[in-house]
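Colleague: Taken in sequence, the protein lines are chains R and L. Position one of the first sequence corresponds to residue 3 (my numbering), numbered consecutively onward. Position one of the second sequence corresponds to residue 3 (my numbering), numbered consecutively onward.
Source of the hints: derived by calculation from the structure; they are not laboratory data. Computed from a prediction, not measured in an experiment: that's the story for all the values here. Any given hint might turn out to be false.
Identical chains blur together in the list; that is why a pair holds if it fits in one copy or across any two.
[Claimed, not checked] Under the rule of at most 20 Å between Cα atoms (straight-line distance), these lysine to aspartate or glutamate pairs were calculated in the EDC-like manner: (1) K6 with E434; (2) K97 with D125; (3) K338 with E4; (4) K36 with D75; (5) K306 with E4; (6) K253 with E336; (7) K347 with D81; (8) K402 with E185; (9) K242 with E431; (10) K242 with E413; (11) K462 with D400; (12) K134 with E441; (13) K306 with D339; (14) K47 with E7; (15) K218 with E266; (16) K257 with E328; (17) K402 with E413; (18) K242 with E132; (19) K257 with D339; (20) K100 with D214; (21) K338 with D78; (22) K253 with E328.
Spelled out from the first residue to the last, the chains are:
2 protein chains.
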Amino acid sequence: MEIKEPREYVVKNLKYALNPRSIAVVGASRYPSKVGNKVVYELMKRGYKGKIYPVNPRANEVLGLKAYHTLRDIKDEVDLVFVAVPAHLVTSIVKDAKAINAKMLVIATSAFKEIGRGELQNDITEYCRENKLPLIGPNLVGMGSPYQNFNCGFIPYLPVSGPIAMISQSGANLLVALGTSQEDHFGMSFFVGLGNKADVDFSEFIQYAEEDPNTKCLAIYIEGLDSPEAFVKASKKVTKPIVVIKVGRSKIGVKAAFAHTASENPNTDEYYDKIIKEAGAIRVTTWQEFLDVSLALGYQPKLKGDNIVMITNGGGAGLLSCDHFERLGMPLHELKDISPLLAQKIRAYMPMFGSPLNPVDISGTASVIQYKGAFQQAFRDPNVDGVLGAICPTAVTDVKGVALAAIEVYESIKGLGKPFIMICQGGAECQEAIMLLREHGIPAYKTAEQAVNAMVALYKANKK
Amino acid sequence: MEIKEPREYVVKNLKYALNPRSIAVVGASRYPSKVGNKVVYELMKRGYKGKIYPVNPRANEVLGLKAYHTLRDIKDEVDLVFVAVPAHLVTSIVKDAKAINAKMLVIATSAFKEIGRGELQNDITEYCRENKLPLIGPNLVGMGSPYQNFNCGFIPYLPVSGPIAMISQSGANLLVALGTSQEDHFGMSFFVGLGNKADVDFSEFIQYAEEDPNTKCLAIYIEGLDSPEAFVKASKKVTKPIVVIKVGRSKIGVKAAFAHTASENPNTDEYYDKIIKEAGAIRVTTWQEFLDVSLALGYQPKLKGDNIVMITNGGGAGLLSCDHFERLGMPLHELKDISPLLAQKIRAYMPMFGSPLNPVDISGTASVIQYKGAFQQAFRDPNVDGVLGAICPTAVTDVKGVALAAIEVYESIKGLGKPFIMICQGGAECQEAIMLLREHGIPAYKTAEQAVNAMVALYKANKK
Numbered sequence: 003m004e005i006k007e008p009r010e011y012v013v014k015n016l017k018y019a020l021n022p023r024s025i026a027v028v029g030a031s032r033y034p035s036k037v038g039n040k041v042v043y044e045l046m047k048r049g050y051k052g053k054i055y056p057v058n059p060r061a062n063e064v065l066g067l068k069a070y071h072t073l074r075d076i077k078d079e080v081d082l083v084f085v086a087v088p089a090h091l092v093t094s095i096v097k098d099a100k101a102i103n104a105k106m107l108v109i110a111t112s113a114f115k116e117i118g119r120g121e122l123q124n125d126i127t128e129y130c131r132e133n134k135l136p137l138i139g140p141n142l143v144g145m146g147s148p149y150q151n152f153n154c155g156f157i158p159y160l161p162v163s164g165p166i167a168m169i170s171q172s173g174a175n176l177l178v179a180l181g182t183s184q185e186d187h188f189g190m191s192f193f194v195g196l197g198n199k200a201d202v203d204f205s206e207f208i209q210y211a212e213e214d215p216n217t218k219c220l221a222i223y224i225e226g227l228d229s230p231e232a233f234v235k236a237s238k239k240v241t242k243p244i245v246v247i248k249v250g251r252s253k254i255g256v257k258a259a260f261a262h263t264a265s266e267n268p269n270t271d272e273y274y275d276k277i278i279k280e281a282g283a284i285r286v287t288t289w290q291e292f293l294d295v296s297l298a299l300g301y302q303p304k305l306k307g308d309n310i311v312m313i314t315n316g317g318g319a320g321l322l323s324c325d326h327f328e329r330l331g332m333p334l335h336e337l338k339d340i341s342p343l344l345a346q347k348i349r350a351y352m353p354m355f356g357s358p359l360n361p362v363d364i365s366g367t368a369s370v371i372q373y374k375g376a377f378q379q380a381f382r383d384p385n386v387d388g389v390l391g392a393i394c395p396t397a398v399t400d401v402k403g404v405a406l407a408a409i410e411v412y413e414s415i416k417g418l419g420k421p422f423i424m425i426c427q428g429g430a431e432c433q434e435a436i437m438l439l440r441e442h443g444i445p446a447y448k449t450a451e452q453a454v455n456a457m458v459a460l461y462k463a464n465k466k
Numbered sequence: 003m004e005i006k007e008p009r010e011y012v013v014k015n016l017k018y019a020l021n022p023r024s025i026a027v028v029g030a031s032r033y034p035s036k037v038g039n040k041v042v043y044e045l046m047k048r049g050y051k052g053k054i055y056p057v058n059p060r061a062n063e064v065l066g067l068k069a070y071h072t073l074r075d076i077k078d079e080v081d082l083v084f085v086a087v088p089a090h091l092v093t094s095i096v097k098d099a100k101a102i103n104a105k106m107l108v109i110a111t112s113a114f115k116e117i118g119r120g121e122l123q124n125d126i127t128e129y130c131r132e133n134k135l136p137l138i139g140p141n142l143v144g145m146g147s148p149y150q151n152f153n154c155g156f157i158p159y160l161p162v163s164g165p166i167a168m169i170s171q172s173g174a175n176l177l178v179a180l181g182t183s184q185e186d187h188f189g190m191s192f193f194v195g196l197g198n199k200a201d202v203d204f205s206e207f208i209q210y211a212e213e214d215p216n217t218k219c220l221a222i223y224i225e226g227l228d229s230p231e232a233f234v235k236a237s238k239k240v241t242k243p244i245v246v247i248k249v250g251r252s253k254i255g256v257k258a259a260f261a262h263t264a265s266e267n268p269n270t271d272e273y274y275d276k277i278i279k280e281a282g283a284i285r286v287t288t289w290q291e292f293l294d295v296s297l298a299l300g301y302q303p304k305l306k307g308d309n310i311v312m313i314t315n316g317g318g319a320g321l322l323s324c325d326h327f328e329r330l331g332m333p334l335h336e337l338k339d340i341s342p343l344l345a346q347k348i349r350a351y352m353p354m355f356g357s358p359l360n361p362v363d364i365s366g367t368a369s370v371i372q373y374k375g376a377f378q379q380a381f382r383d384p385n386v387d388g389v390l391g392a393i394c395p396t397a398v399t400d401v402k403g404v405a406l407a408a409i410e411v412y413e414s415i416k417g418l419g420k421p422f423i424m425i426c427q428g429g430a431e432c433q434e435a436i437m438l439l440r441e442h443g444i445p446a447y448k449t450a451e452q453a454v455n456a457m458v459a460l461y462k463a464n465k466k
């Protein structure tokens, strides 16, 4: 439901959604296949340190914990009430949550506005707003933070810790991002599914993320933006980069967005383009781009100029990259135009059939020492704003060795504030190199185009 | 060097490049770090069944094999001469190859036209053409086929066997594709790097691939197209789908393409668009799209109409997909418009908060039985042309179970000739599901957009 600006009492209480001292799980079933049971199980499994109060009218114990028949039976303080019971039972639970002075209410339950029960949803929202009990949801998957070992929801993963706050209206896509996190080292500060966002809005999480010390970049997946004014207001105040993917632009997508999270999209897609631009956020098109760009903005400094030097042992990756740079409106410059001196110096790190153009092709025979020398020369040149490296796995390439050299160079030049991005696609050793690079804060990607998308976003972010 | 049409003597002899009975490796070093040594090592390691003749003027034995000081010292028949010696030594070896009546010559050596030695390269080409000794290269990485356990080059991988012929001008990108093959089950029939393609041209490999029983789809990476007429002629005759990625469209890319494989790009990119269209090939933009689309065309039947049904347990993947379908000019239709009966039937496989729109959202609680029922209903409906399935890993999703159900349904409906594509992104269990699906011939992808690209390509291929 629309708000005009982020509400202070909501922003203040969001800490109880992401770092609560105690949680009541209403609908905590004894049966492992049920959502309510999974929530309690995941809290325990991931090592949540606060108190857990399962609420179940027909149980005295759930997963070894004392269970309560109603919320009102809990005599201690409850920060967060997590609701996973059928929709028709929710209203009375909301009143109970207020009665016990809960700080934050999360309704995971589906079957509200998205299937036509808008009135029921609005009644609950109004009650929560009157009583200043912030409500996240309904129709969501959950939230958490790897920094707190906190996984509260219908979620089988805890992501690796890192700088990206993932705020997703879709639970399904949040799960995908969380799964990806572990497999591809996509580090998150916190994550939250907003679902129908009947009450708490994007703008309030945006304001919260600005204050969160672990967050360096906000990644936001939007199906419907019912409070554009608040979104723009909050985003403009934020110093951290914001990456947005907004779906529901297709004719059938408008209907699907409503059926999914009751999202209304009365405006054209151009309208959202304008709003997102006004907010100073970076809009991306595909899910892959969403993850790739967020990763770069989370880990790397902004790119201050467009003098990028690309160093590669494969001309193919070089060609794909320079075509894509031009496609995105930021063509590579020739090395001699960036720095005549650098073009000369870098010759020492390649065979005669290498190319000191840009991409700099140090050839398929490139050794770890040649890579290291070329990287160092490029970073140290005052005219160079950022470096894009690529490792192609030839029969003589020491993929891990080059990754380690890249990390060593990166550690030594971090102070210069120049972005470093890598490409490494191939067999298992290449995926290992990507993980190694990412663990050390260097965004590494499988394809040239992904890396170029990331580099260009670092430039766009600088212009905010 | 330009040709007007594929030459029969070349096409006939290409079998000696991909399935030779004997190979001489000129420049077969005793030192493991050298290219020539790697070539012999890989041939032996992968289980090449033919005869290997290392040629090295200073060795009597290489990797346990008898070595020959010159090609002329080999008294047996040699099908393929693979050359990996410095450029200035190549001319005399070419003459030796002719002298011993080799069927095919491959020059891996770099430092020809791409660094300004066009005359040397042209002299060799003219000699080979006069003597009807087909030459692949120079400046290439190698070739092979998993069906023959044949890996001939500077290549650390043998791909998994499958339907895709990978013809790449860039050695680096060929290596990337080969590495990807094992990691992502990207099945190839054969692979070849063409490098500077002084003599043997794309068109000749295209004609060869048409006859190759293992090939179902041709994937071609182009840096320069010096024989467009021959390319169009050969492609038009081919019944198998051809996927093309053509780089060197950017201003700096034109220079990089010359420095890499001596490719000349005198025409605008629109010209290549026209040529590729005229050839009846599908042009893709990014490397990821190149792999994804080739995979689908290799494994799946063409899509005969645009009545796609998408079945998903996550609304997010559904929204990303329907937006992307519309972006590509092939919007999804509502289920009730495709088949009113199907919309009714499919209701039985979802909870009340699911959505029978299209994407059909069977919800995050979907079981294996619900997936199976929904897939079966969709495939069996005569109005449905193809099915796109998506698995989102919720806390109750049996990811492997759904993948197995998808395979079971696919096996039972294969005869209908309707494409089946899957999406599955998340943790390790999702990557395992992707591999399992791919091993059974169902192209499965991490992101919605990749899968949609693949499905739309199957439709385009039908229109050739």
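Colleague: It remains to establish, for every hint, whether it holds in the given structure.
Modeller: Here is how each hint holds up against the structure:
For the homomeric pair K6 and E434, neither the shortest alpha-carbon distance inside one copy (47 Å) nor that between copies (46 Å) is at most 20 Å. Taking the closest pair of Cα atoms, K97 and D125 come within 20 Å of each other only inside a single copy of the chain (12 Å); across copies the shortest separation is 89 Å, beyond that limit. In this homomeric assembly, K338 and E4 never come within 20 Å of each other (Cα to Cα): the closest approach is 54 Å inside a single copy and 32 Å across copies. Taking CA atoms no more than 20 Å apart as the test, K36 paired with D75 passes in neither setting, with 23 Å inside one copy and 76 Å between copies.
Proximity of K306 and E4 under a CA criterion of 20 Å is satisfied in neither setting, with 37 Å inside one chain copy and 45 Å between copies. For the identical chains of this complex, K253 and E336 are inter-copy neighbours only, at 10 Å across copies versus 44 Å inside a copy, given an alpha-carbon limit of 20 Å. In the homo-oligomer, the alpha carbons of K347 and D81 never lie at most 20 Å apart, since the shortest distance is 61 Å inside one protomer and 44 Å across protomers. Both within a single protomer and between protomers do K402 and E185 lie at most 20 Å apart by alpha-carbon distance, with minima of 18 Å and 17 Å respectively.
In this assembly of identical chains, K242 and E431 lie within 20 Å of each other by CA distance neither inside one copy nor across copies; the values are 34 Å within and 33 Å between. When the C-alpha separation of K242 and E413 is checked against a cutoff of 20 Å, the pair qualifies neither within a copy, at 23 Å, nor between copies, at 50 Å. For the homomeric pair K462 and D400, neither the shortest alpha-carbon distance inside one copy (34 Å) nor that between copies (41 Å) is at most 20 Å. For the identical chains of this complex, K134 and E441 are neighbours neither inside a copy (41 Å) nor across copies (54 Å), given an alpha-carbon limit of 20 Å.
With identical chains, the CA atoms of K306 and D339 are at most 20 Å apart within one copy only, with a shortest distance of 17 Å there and 52 Å across copies. Taking identical chains as interchangeable, the C-alpha atoms of K47 and E7 are never at most 20 Å apart, the minima being 37 Å within one chain and 66 Å between chains. Taking the shortest alpha-carbon separations for K218 and E266, neither the intra-copy value of 30 Å nor the inter-copy value of 45 Å comes in at or below 20 Å. For the identical chains of this complex, K257 and E328 are inter-copy neighbours only, at 14 Å across copies versus 36 Å inside a copy, given an alpha-carbon limit of 20 Å.
Taking identical chains as interchangeable, the C-alpha atoms of K402 and E413 lie at most 20 Å apart only when both belong to the same chain, with a minimum of 17 Å there against 41 Å between chains. With identical chains, the CA atoms of K242 and E132 are never at most 20 Å apart, being 32 Å at best within one copy and 66 Å at best between copies. For the identical chains of this complex, K257 and D339 are inter-copy neighbours only, at 14 Å across copies versus 51 Å inside a copy, given an alpha-carbon limit of 20 Å. Taking identical chains as interchangeable, the C-alpha atoms of K100 and D214 are never at most 20 Å apart, the minima being 27 Å within one chain and 72 Å between chains.
Taking the closest pair of Cα atoms, K338 and D78 never come within 20 Å of each other, the shortest separation being 70 Å inside a single copy and 52 Å across copies. In this assembly of identical chains, K253 and E328 lie within 20 Å of each other by CA distance solely across copies; the values are 8 Å between and 31 Å within a copy.
Going down the numbered hints, you'll see the structure goes against 1, 3, 4, 5, 7, 9, 10, 11, 12, 14, 15, 18, 20, 21, while the others check out.
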